[in-house]
Structure formats: structure tokens, C-alpha cells
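Using the hints, position chain B against chain A.
Number of protein chains: 2
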Amino acid sequence: MNILIVHAHPEPASFTAALRDTAHETPVSQGHEVVVSDLYAMNWNPVASGADFGSRKNSDYLVYALEQRHGWDTGSVAPDIRGELEKLLAADLLILSFPIFWFSVPAILKGWIDRVLVSGVCYGGKRFYDRGGLQGKKVLVVCTLGGREHMFGPEAVHGEIEALLSPILRGTLAYIGMDVLRPFLGYHIPYLTAVERAAILGQYQARLASLMDESPMPMPTLDAFDERMRPKDTSVQA
Amino acid sequence: MNILIVHAHPEPASFTAALRDTAHETPVSQGHEVVVSDLYAMNWNPVASGADFGSRKNSDYLVYALEQRHGWDTGSVAPDIRGELEKLLAADLLILSFPIFWFSVPAILKGWIDRVLVSGVCYGGKRFYDRGGLQGKKVLVVCTLGGREHMFGPEAVHGEIEALLSPILRGTLAYIGMDVLRPFLGYHIPYLTAVERAAILGQYQARLASLMDESPMPMPTLDAFDERMRPKDTSVQA
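Protein sequences, first through last, are from chains A and B.
FYI, the numbering for the first sequence is 1 to 238, going by our numbering.
FYI, the numbering for the second sequence is 1 to 238, going by our numbering.
Looking at chain A on its own, in the form it has when it is part of the complex:
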């Protein structure tokens, strides 16, 4: 199995980096191939722009998704984008490894999403959710938070964490057709003892060992919607 870890943390010695290393070592010990894209170490450019395309379909007016298609088809997409998308296409499992910044991914990782998930390859037209371009691949989101676990939940101060992560879990990863596993969350990380941190690494290692047997999170199926993307069963319409 091929695994791609996309890691984004500004501190090389962070606990998130320890999680990344666990996600590297456990599968390698099982005989899997692991590739790591460490976005800070790579000095990754997160800004989607016209400069991402060596030749433009329309040099007067930028529609980024249309230029992505053209750039990929003609081989003129920026080499850093091509390199990352080739890694992703070769992967059976993607792991996104990051600290929560403002209930979302750090900007450098958002820019990996914006630039690498190329229209026409990962999605396009009616190819999204269970018809997305990356069907058959799995993805695990692994993130660290400062907040305590009781601060997240239906009646908790910040609401439900999986709802807060929904633009990523559903709107991005499920949208491109991936099987989205339940995220692995490390709460209250800056305040934990070394023993507590080691316990989390142990839980993560155990989870990784049986990850491929897990059922993915429930996500929308386009079978429930008509050609114009209206719900087929009118009894469930709002």
C-alpha cells in the first residue's frame, strides 16, 4: 500500500510532528510505502494564482478551475502542483496532519488543497462525492487542538468538532470521492504531560494498525439527487 502524509506545522519538533512520525513508522514496519510532504519544510506556495499555469487557456480572465483542467491536460501546470498531485494519485491512503488553526487547516495546507486538487482530475462536472475522481482512496485527518474534549459536542461551547471540520471532511475530501475515516483528534495538546502525550501516540499507533479495516464516515451519495442536484425523494425536502 502507498501512503501519502501531508504535514503542516510551523514547529519541526511539535507533537503533531510526533504523530506524523508515528504515521510514518507504523506502516513502514508493516511493509507499506510512505511518502511525506512536509509543507513548511518544502516552503510550499499556498497561493492559487495565474502563475500556476505555464500557458493559459484564457490569459485575459482567470477562472482557476478551467485553467487547472487546461494546465493538467497540456502539461503546463506548475511543477510543484504536478508533483503533489502525482503523489496523491499514487497513494491508497492520504493522511492530513496538522494543528487546528481557527477551526480549520493552517493556510499553507489550505493552499495545498486549493492548488493540488485539480479540476478535471479530482472532480468536475457531475463527478463529485461518490462519483468523485479519487474514488477508492482512503483519507485520515489527524489534528491537534488546544481545547479540551468537553468543549466540543452538540451543546458544548464550540459545537461539534466533526461539524466544524465538515468543509474539509465532507466539502473537500468526500467531495473528491475519497473514503473519509473518522478523524484522529489530539485535544489540549499544549497542556499535556509527556506521559499523556505518549498515551495519545500509543492510541494512534493502535488505530493505524487496523485503519484499513475501518468503515468510512457516512457521506452524501449522488444517487439521492436528480440531474439538477435536487433531492429525488421529495418527502425529505425542507
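Keep in mind that a hint or two might mislead.
Identical chains blur together in the list; that is why a pair holds if it fits in one copy or across any two.
Distance condition first, Cα-Cα at most 20 Å in a straight line; then the derived SDA-like pairs of lysine to any residue [unchecked claim]:
#: 1; residue 1: Lys137; residue 2: Asp233
#: 2; residue 1: Lys232; residue 2: Met151
#: 3; residue 1: Lys57; residue 2: Ala78
#: 4; residue 1: Lys137; residue 2: Gly120
#: 5; residue 1: Lys57; residue 2: Asn43
#: 6; residue 1: Lys126; residue 2: Glu155
#: 7; residue 1: Lys126; residue 2: Leu201
#: 8; residue 1: Lys126; residue 2: Thr74
#: 9; residue 1: Lys126; residue 2: Ala209
#: 10; residue 1: Lys87; residue 2: Ser59
#: 11; residue 1: Lys126; residue 2: Gly146
#: 12; residue 1: Lys126; residue 2: Arg148
#: 13; residue 1: Lys232; residue 2: Arg131
#: 14; residue 1: Lys57; residue 2: Asn45
#: 15; residue 1: Lys137; residue 2: Ser210
#: 16; residue 1: Lys126; residue 2: Val195
None of these hints come from the bench; they were simulated from the model.
Positioned in the frame of chain A, the structure of chain B alone reads:
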């Protein structure tokens, strides 16, 4: 009144830019002061890193929020961050103007959020939500989408748009204490006629004219939670 528009679109002639210009011209015609931060035009650096601090409190291990506090207090935070935060502190109304990328903000704007919303100034300790640092300021999110309006809703294919925007509306803007107005959304923008686009600009202009009379969206109040951020009313606990 002082208004800050933070705009992020890679195409200078985009419809989002037309919305930005409407948000500029309408208040100016009413006698308000408007400042625009056009992040693409400014070549804004979106990557939060140790390089954001001229002198570090801890040069061995980066805890970004702690260095933000130290950097702001000692005047050693990067000049681009200081400049943006000073604009924000001077504003009565913030307008975030962007196209939806992956059900969220473009990376360049995420990096404005990550870097400019400095800990200790905008939030910190128990100062968040209705005790956040930017209480008394209003914020309007203005964004454009490719999808049609019927694709968003409780039973729609993508779910509810305000839920998808919740990490920004609630987790970021309400978190720092701002009064969050209902977002202004332009659906299906790439496919609209000039007449349809002009109608949206007209609706936006009308909305801007009475914006300051609007009630903000309901958001959490810390009065409902105890010192450890557990709900006070145990009858509503999950």
C-alpha cells in the same frame, strides 16, 4: 464610520471585485471612510511561521499564539501583521470579500486570519465569543460560489451554507467578539448573465445601505458556560 474590506480573489476583474467596489463606493457616498486590503495585490504572505517575530520569547520551540502575544507586546511582530491588525482595530465594520474555495476561504485569506488575529489582542484566555477582544465591531462575509442556491440547505446535496461557513462565522469572527451579520452570498456566479450579475450588485448595494441596522446572527454566550467551559444548565447537556 471606518470600514475595512479584506479582499482575496486571484482575478482583478472578477465579479467578487465588483462586489468589493460596491462595498467601497456605497459607504463612501454615505460619508464613511473605507480602507481596502487587496491581499493578491499586496502579495500577502499567508504562512504563519517563526519568521513573523523579530524577537522570540522562546527561540527553541514555536508556540505561535504565545509568540503573537510577545511580538505584539514588544513591538517585534512582523510589520505586515502589525499594519493589518492596526487597520482592523481602527475599523467599525470589517467586510471579508472572497470566492468560496473548497467551502472555505482561499488560502491567502486563511493566512490573513492565521497571522493577523493576534492572540492577546483579538482573543485570549477566557476572552472569546461575547467576551472576545473585538467586541463592538461588526463583520460581513461576502462571497461568491459556483453552485446554485438549491444545492445548499438542510436536505440539499452540500448541506447548509451557514453550517459550512461556521468555522469562519462562528469559530473565527464570533470567537473574537465581533457581531457577525448574515453573509451575503452570490450563487452560480460564473454562469450568470450581465443582467443577473447587475441585479446581485443592486441587492448588495441595498443591503449595504441599511447594514448597520441589522441584528447580528445568534452566537454562543459564555454566560451559558461555567469556568471550565461546561454548560451551566445540565438539562441541555448531551
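### Query
Is it within, between, both or neither when you check Lys137 against Ser210 at 20 Å Cα-Cα?
within (16 Å within a copy, 49 Å between copies)
### Task
Classify it for me, Lys126 with Gly146: is the Cα-Cα distance of at most 20 Å met within a copy, between copies, both or neither?
Intra 38 Å, inter 13 Å, cutoff 20 Å: inter-copy only.
### Message
Within a copy, between copies, both or neither: which one fits Lys126 and Glu155 at a CA-CA cutoff of 20 Å?
### Response
Between copies, since 18 Å is at most 20 Å while 36 Å is not.
### Message
If the cut is 20 Å between Cα atoms, do Lys87 and Ser59 qualify within a copy, between copies, both or neither?
### Response
neither (29 Å within a copy, 34 Å between copies)
#### Entry: 20 Å Cα threshold - placement of Met151 relative to Lys232
between (37 Å within a copy, 13 Å between copies)
### Query
With identical chains treated as interchangeable, where does the CA-CA distance between Lys57 and Ala78 reach 20 Å or less: within a copy, between copies, both, or neither?
within (14 Å within a copy, 38 Å between copies)
### Query
Which holds for Lys137 with Gly120 at a C-alpha limit of 20 Å: within a copy, between copies, both or neither?
Within one copy, since 17 Å is at most 20 Å while 42 Å is not.
### Query
How do Lys126 and Ala209 come out at 20 Å by Cα distance, when the copy is not named: within, between, both, or neither?
Intra 35 Å, inter 39 Å, cutoff 20 Å: neither.
### Task
Could you figure out if Lys126 and Thr74 sit no more than 20 Å apart (CA to CA) within one copy, between two copies, both or neither?
neither (22 Å within a copy, 53 Å between copies)
#### Entry: Status of Asp233 relative to Lys137 across identical chains (alpha carbons, at most 20 Å)
neither (29 Å within a copy, 43 Å between copies)
### Query
Within a copy, between copies, both or neither: where do Lys57 and Asn43 come within 20 Å Cα-Cα?
Close neither inside one copy (28 Å) nor across copies (24 Å); limit 20 Å.
### Query
With identical chains treated as interchangeable, where does the CA-CA distance between Lys126 and Val195 reach 20 Å or less: within a copy, between copies, both, or neither?
neither (49 Å within a copy, 27 Å between copies)
Checked against the numbered hints above, the structure breaks hints 1, 5, 7, 8, 9, 10, 14 and 16 and satisfies the rest.
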